[in-house]
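K.L.:
Got chain Z; can you put chains W, D, C, A and S on it based on the hints?
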Amino acid sequence: MVKKTVFVVAAILLGAFVIGAVDGAHPFGDPGAAPMDDYFLANALNDISAENIVTAIVFDYRGFDTIGEAAVLFTALTAVATLLREGRRKP
Amino acid sequence: MLGTVYTGFGYWDVWSWAAFFAIAAALVLWLRAQGREDYKEGTDQDEIYWSGNVVPEEGADITVPASSAYWGFRKAMAPFYKVLTEMHTGIGTDIVGCYVVVVALMAVFVLM
Amino acid sequence: MNWNAHLPALLLAVPLFGAFASPVLSPFGRTTRNALLAGLSFVTLLVSLLLMKSVLAGGTAVYVMGGESTGLALPLGMKLPIRIIMEVDAFSAFMAVCGTVASFAGALFSMNYMDKFTALGRFVSLYFLLTLGMLGMMITGDIFNFFVFLEIASIASIGLIAFWRDRPEAVEASFKYMLISQVSSMVFLIAAGALYGKYNALNMAAIGGLIKPGTMEKLALVFLVGTLAMKCGAFPLHMWLPDAYAEAPSGVSCLLVAVSQASLYGLMRVCFSLYGVNLGGAFIPWVIISMGLASMFFGVTMAVVQHEIKRLIGYHSVSQVGYMLLGLGVGMLVLTDARGMAEYGFTAIKGGMFHIFNYTMYKALLFLAAGAVYYATGKRDLNELGGLARRMPFTTGMFVIAAAAISGLPPFNGFVSKLLIYESVFAVHPALAVVALVTSVLTLASFVKVFQTAFLGPEKSSFTAVREVPAGMLFGMGVLTVAVLVATLFPSWTISNLVEPAAKALVDQAGYIGAVMGGGL
Amino acid sequence: MNPLSVVVRTVCDLFAWFMIVFGVNVLLHGYVTPGGGFQGGAIIATFIAFLLVAYGGRRVASRVNDRLFDLFEEVGLLVFFILAFLGLPVTFFFNFLAKPLAESAGGFIPGVGTVALMSVAVGLEVTGALSLIILTMHRGIRMFRGEDLEPETGHDR
Amino acid sequence: MIANAPFFVVGLLFLGGLTAIFMEKNLVKIAIAISVISSSVNLFLVALGYRVGGTVPIHFLAGEGTRMVLPTPQAMTLTAIVIALATTALLLSLIMLVHRHYGTLDIDEIRRLRG
Amino acid sequence: MMNSAVQLLVLAVMAVAGFFALWFKDLISSVISLAVFSLMMALEFYLLQAPDVAIAEAAIGAGLSTTIFIITIRACRRPKSREGGKEW
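Residue numbers (this note's numbering), protein chains in the order written: chain Z, 1 to 91; chain W, 1 to 112; chain D, 1 to 521; chain C, 1 to 157; chain A, 1 to 115; chain S, 1 to 88.
No wet-lab data here; the hints were simulated from the structure.
Please read these numbers as outputs of a predicted model, since none were measured by experiment.
Among these hints, one or two may not hold up.
Below, in silico cross-link-like pairs of lysine to aspartate or glutamate (EDC-like), each with a Cα-Cα straight-line distance of 16 Å or less [said to hold, decoys possible]:
1) C:Lys99 to Z:Asp47
2) Z:Lys4 to A:Glu24
3) D:Lys379 to D:Glu423
4) D:Lys460 to D:Glu384
5) Z:Lys3 to A:Asp108
6) D:Lys379 to D:Asp508
7) D:Lys504 to D:Glu343
8) A:Lys25 to A:Asp108
9) A:Lys25 to A:Asp106
10) Z:Lys4 to W:Glu86
11) A:Lys25 to A:Glu109
12) D:Lys53 to D:Glu500
13) S:Lys25 to A:Glu24
14) C:Lys99 to D:Glu343
15) Z:Lys4 to A:Asp108
16) D:Lys116 to D:Asp166
17) Z:Lys3 to A:Glu24
18) S:Lys25 to A:Asp106
19) D:Lys460 to D:Asp381
20) A:Lys25 to S:Asp26
21) D:Lys379 to D:Glu500
22) Z:Lys3 to W:Glu86
23) D:Lys79 to Z:Asp47
Looking from chain C toward chain A, a few residues come up when the C-beta cut is under 7 Å (computed) [as the list claims (entries may be wrong)]:
24) Leu14
25) Ala16
26) Val32
27) Phe38
All C-beta atoms in this analysis are idealised placements derived from N, C-alpha and C, irrespective of residue type, glycine included.
With the rest of the complex left out, here is chain Z:
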């Protein structure tokens, strides 16, 4: 029981630190100067004529994340199919 108490206390402590880290990022609703995102907002339509900037980012500017993400999904499918494979039937 002592162990469990210690863990719960540590979890609450870590949660408090997570709140701290999250609050430390920037105030909600006011990200300040955002040069990288402003570049996307300004140039996505003109450069590659994408109306939806999020899609443009997902498939072009940060396309490599997307192939990684497709690989994650593929990995998960492969792992699930491996774990729950039919295997050999009894003769």
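P.N.:
For chains W, D, C, A and S alone, coordinates are given in the frame of chain Z:
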């Protein structure tokens, strides 16, 4: 030199050690060649001496199993190993708990 | 077109293609599947060697994914990079070479080792995905991309650890690893998101250039360090590691060793390049040093009393990771102190780095040898093994070489890297070197036990039918043996050509940032 | 689960087919309206979930062919990879079909170039993968009921 | 705190999920807790990109010349959501297998590997 | 102002749903709570001007995730009622 490493405090040369090993091996082989000449295979001389008892047929009976190796060491360190094995409970949440405790402690100390 | 510039992309594209093509090609039979596995692993190894060569000759390689040219990190009028950038300096290339050698050896070994399982097409897919995750972590320069590759690596390794899903222990080990890796990767993502929110950049070099000390940065550093230290198995966070390494198929354990080194790479990248001079005092270096000491000592003491061969080697992994954490942590301690760095810090980093190479090679070899014993006899409990030296001479020989290297017996490469670490950490405090020496002694003791009980002694009657393992497995072990012997016989060549550029690249934060940001910090 | 009422089953059946149409719409117009590969694929994959509710597990397992979804997934992944690879004379992932806004009127491939094509490819992949995950896990239930599976012996002799 | 409400809720959900991992014994409940944690991280990422008065980052819907919210966190969140689903599926399959082998869902009884 | 009031309401419902998802002992209720939580999350994403993410979260969180949870709960029942267990 290909085999020399300077550590800043001294150096290490693998080829001189290789030479040392070669010389030592030659010495050992020479010493071994000086051994008794009346040793003959197939006689009682190459039997295992088992304190006068009958030697068991199965090899496993005359070897020390791995669990019994370093018996004295384990005996001497028993309190230490008791703590250590109690720590490795093997429960999944304990592993997560260790992680959470360590990260929380690090965060506490880094902010102090 | 200039293939040299595209090597970083090819390094990732080759295993990715292997993973995607394996379900299509594996119905064509065993030969096709094995050719795919071994062939593409070999191509990956070749690409990583070429990459190493080009990085050593031409400096840090920057590859912009999807940019108008490979080296155009900053678009017109921008101070920050906007696309995903692969940044390969000498350290990354060095780690990639270590990882691909282990991957190639494991692939050769797995061809015969996995024969009696079903679903081998999926095994090949997962193997390539694990390689992909490892290489991606090693060469990416983008923190969110790092997270994606971390997830690929952990999911693939979870699938592979539980590959023999009819063994309850394998499922259990896999489940425990899944729990801890999920929680910790979420913590990692919180830290990455917080860094993005404050600096509006995801590139590690860009954040490294902008970062200022503050509360949020300290918390993010702690989260990143905790997660990555867990993934490489530092002491209080190591408990999943022996289970996972012991229950995975041996060819996979060999690759998992390299994957844990990728996490170690991430840890060092975060501490040296992302934070660097803003590390905020000596606290984090001391945390890493003490984690290293604890890992070394407690890992080896747990290993001495194990009697299951792969679990014993798994605990040794914990203990060996401690050496690297110790060496690199001492280097981190004197990062801002030029005199200490010149006197002993750089030697410590070199020692830690050389130990990464040695450790990957001999630990992978040990796992493969343990797997060969298991393949031949069907037993993994040391109490039931014995007298295998006559039946399996090649396996025995390679095991002896690996065991001598890991225990740091003088002529072998393990001794050289440990010597570098001992002599340099002695300058910080003698106690560090003493713990390292005691660990080395206990390592030797436990491997004497393994060698004596498994390979020496009288033959057991149940093992009369045991044969030497097939040639593919021997060849896989042979690759690693050659690597160990090269590092043994030519330590100076290895250090000056592989290790020293990597160590220089690691401590050179300005160089890492400048490669992307164009020199202007 | 006990059989659900007829109303629920009919509604689920209808919704399942509606979801496919909606998903394809979201998938194809991802570069103009909210949506794209993942969202469209995920919406189409709920089709299987609805079918499971509407028809029950046994009928779905016997009627639905896994090969089709396997094909979707493989084709999606390979097309995605090849599209990324085709940009290689410049860089991996280079958008070699894109046109600036001024020139992008009409044409078979919209001006966004590979974004639209990759979106469709990822949509196929996500559809196949998510449907297969659900189907495989659902088949897993049956695996635990009947004990007719021989444990794999691995490689011990 | 009211102004930062989404961030606060993120922290709260993270804390709750993390605590629930230690309070619960049932494996499925632990999986639910992990799911809640990953959802909270997703909310954090999206909330990072919000700008007061910003519109959807889609020119088709927003019209010209307006102030838009940041699009990068949304792209990251899409990736993170799919990753969360993939890991959840794998975790649940592992739970099914654990239940098959051990016949229980109590995490304290799944401890054959120890010491 | 209106927007932020709605946002606070959605956040509150979301926190409550998340709390209940962790609180309920019954697994099915817990999973249903999780689905509600995911729907509220999707609504919140919509309010934060992220319709792309909202669609993905609604389809994945409320639809597919719930399905696989329920499949798992079905699979992990105690195998006592063999004759009564009609397959789902």
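K.L.:
Check the structure against each numbered hint from earlier and tell me which ones fail, lowest number first.
P.N.:
3, 6, 14, 21, 23, 24, 25
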